[in-house]
Amino acid sequence: MSIVAIIVLASGLFFLAVTAIGLIRLPDFFTRVHAVSKSETLGIALVLLGLMIHEGFSQVSLKLALVVVFVAIANPVGAHVLTRAAVRTGLLPWRRPKGGD
Amino acid sequence: MTEFTLAAGAIIGISAVIFWRLINGKTVYNRLLASGAVGTNAIALMAVTGFIFERPDMFVDLALTYALLNFIGVVAAGKYLERHGRDEEEAERS
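Protein chains in written order, with the numbering used here: chain A, 1 to 101; chain B, 1 to 94.
Simulated from the structure, these hints should not be mistaken for lab results. Accuracy of the hints is not assured; some may be wrong.
Example chain A residues on the side facing chain B (calculated, C-beta under 7 Å, incomplete) [as the list claims (entries may be wrong)]: (1) Phe29; (2) Arg32; (3) Val36; (4) Val47; (5) Leu51; (6) Val60; (7) Val67; (8) Phe70; (9) Val71.
Think about it this way: if two alpha-carbon atoms lie no more than 30 Å apart in a straight line, the pair counts; the simulated BS3-like pairs of lysine-lysine are [stated by the list, open to error]: (10) A:Lys38 / B:Lys79; (11) A:Lys38 / A:Lys63; (12) B:Lys26 / B:Lys79; (13) B:Lys26 / A:Lys38; (14) B:Lys26 / A:Lys98.
Ideal Cβ placement from N, Cα and C applies to all residues, glycine included.
Same shape as in the complex, but just chain B (with noise of 0.2 Å):
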């Protein structure tokens, strides 16, 4: 149990510095990348906190639940940007 919470806390350790990112990133396609990855580290979150409390077998089903959205909502911002992104930028810019 004790080796799940240390990779638990170390996950949430990372998530943080990306955090950083997140908050501070120079363009709308940093905060969208950073956004992602916090994403990503947050299915393993998900997977290594089903072991602390000893029932994987439902927290596997919201990790993989949380994969497909992460996957369609950064989908989903890339096409919206790849259309409409040169007005923000202009705008940020201006």
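Here chain A stands alone, though its shape is the one from the complex (with noise of 0.2 Å):
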């Protein structure tokens, strides 16, 4: 395996770690989407892109190649549902509680 391949995919599982704390320690739904739908995108894109890498041109890193065009376009379209859907049924947004932090 490559030094290259390595290093990319090592950055993608960087990005999913990144999502991960983002999911735990942000304080509301909206901050969290925040996390989720641009990190995740860029990690796992970069992992498949890892993985191509190491693969070479062929038929399986064309359907890798696929992977990340697909999720590239599904996972902020996802968010943006979850999103609106919050929004029109009255979710409110997050405020720093009084008295101090």
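Could you fit the two chains together into a complex? Lean on the hints.
In structure tokens form, the structure reads like this:
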């Protein structure tokens, strides 16, 4: 396995870990959507890109590119649908609690 | 091979962290968002698993199918909650 593929795959795993930390630590639903929709898309694209670099040009890497394109379209659309449902059913954004932090 | 095993273990650990939000989310939207994130991690896990067992041609098809099903599930649940979500929230509150 070449060093370039390892670096790209490890950076993808880093962004997936950022997604998990944001999903745990951020205070409300809308900020968590911000963590998931962008960081998750970039993380999975980098992981699959690392696998494509390892595989070389073949049918498998072409299908992996198809997965990357589909996830890059589908993941923000899914996050947008969830956020619109939350806004229209009256979920309120987070406010800093009174009496200091 | 061992790099792919390490990557699969890392993805499983990250999914386990997201499962805490899936179990302990305050609203139904948080749980749905965490379930979508776990599903997206499962796509990467399937692709890496194919390279562990040296059969990537089969597992890539599974990953593509799982991406389609995950997207359809999230969009269907979101559209359903957009119409019926308020009743469920009020029932949960009372």
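How the hints compare with the structure:
About 5 Å separates the beta-carbon of Phe29 (chain A) from the nearest beta-carbon of chain B, less than 7 Å, and the hint is met. The restraint placing Arg32 (chain A) at the interface with chain B holds, with a minimum CB-CB distance near 6 Å, inside the 7 Å limit. Among the interface hints, the one on Val36 (chain A) holds; its C-beta lies about 5 Å from the nearest C-beta in chain B, closer than the 7 Å criterion. Evaluation of the Val47 (chain A) hint against chain B yields a held restraint, the C-beta minimum of about 5 Å falling below 7 Å.
A cut of 7 Å between beta carbons decides the hint on Leu51 (chain A): the least distance to chain B is about 6 Å, and the hint holds. A least Cβ separation of about 5 Å between Val60 (chain A) and chain B falls short of the 7 Å threshold, and the interface hint therefore holds. Interface restraint check: Val67 (chain A) against chain B, minimum CB-CB distance 5 Å, threshold 7 Å, status holds. For Phe70 (chain A), the shortest C-beta to C-beta distance to chain B is roughly 5 Å, which falls under 7 Å, so the interface hint holds.
Residue-level restraint check for Val71 (chain A) holds (minimum Cβ-Cβ distance to chain B is 6 Å; threshold 7 Å). About 21 Å separates the Cα atoms of Lys38 (chain A) and Lys79 (chain B), which keeps this hinted pair within 30 Å; it holds. With a CA separation close to 22 Å, the supplied pair Lys38 (chain A) and Lys63 (chain A) stays within the 30 Å bound. For the proposed pair Lys26 (chain B) and Lys79 (chain B), the alpha carbon gap of about 20 Å is at most 30 Å, so the pair holds.
Taking the CA atoms of Lys26 (chain B) and Lys38 (chain A), the gap is about 22 Å. The hint holds against a cut of 30 Å. For the hint pairing Lys26 (chain B) with Lys98 (chain A), the CA-to-CA distance comes to about 20 Å; that is within 30 Å, so the pair holds.
No hint from the list above goes unmet by this structure.
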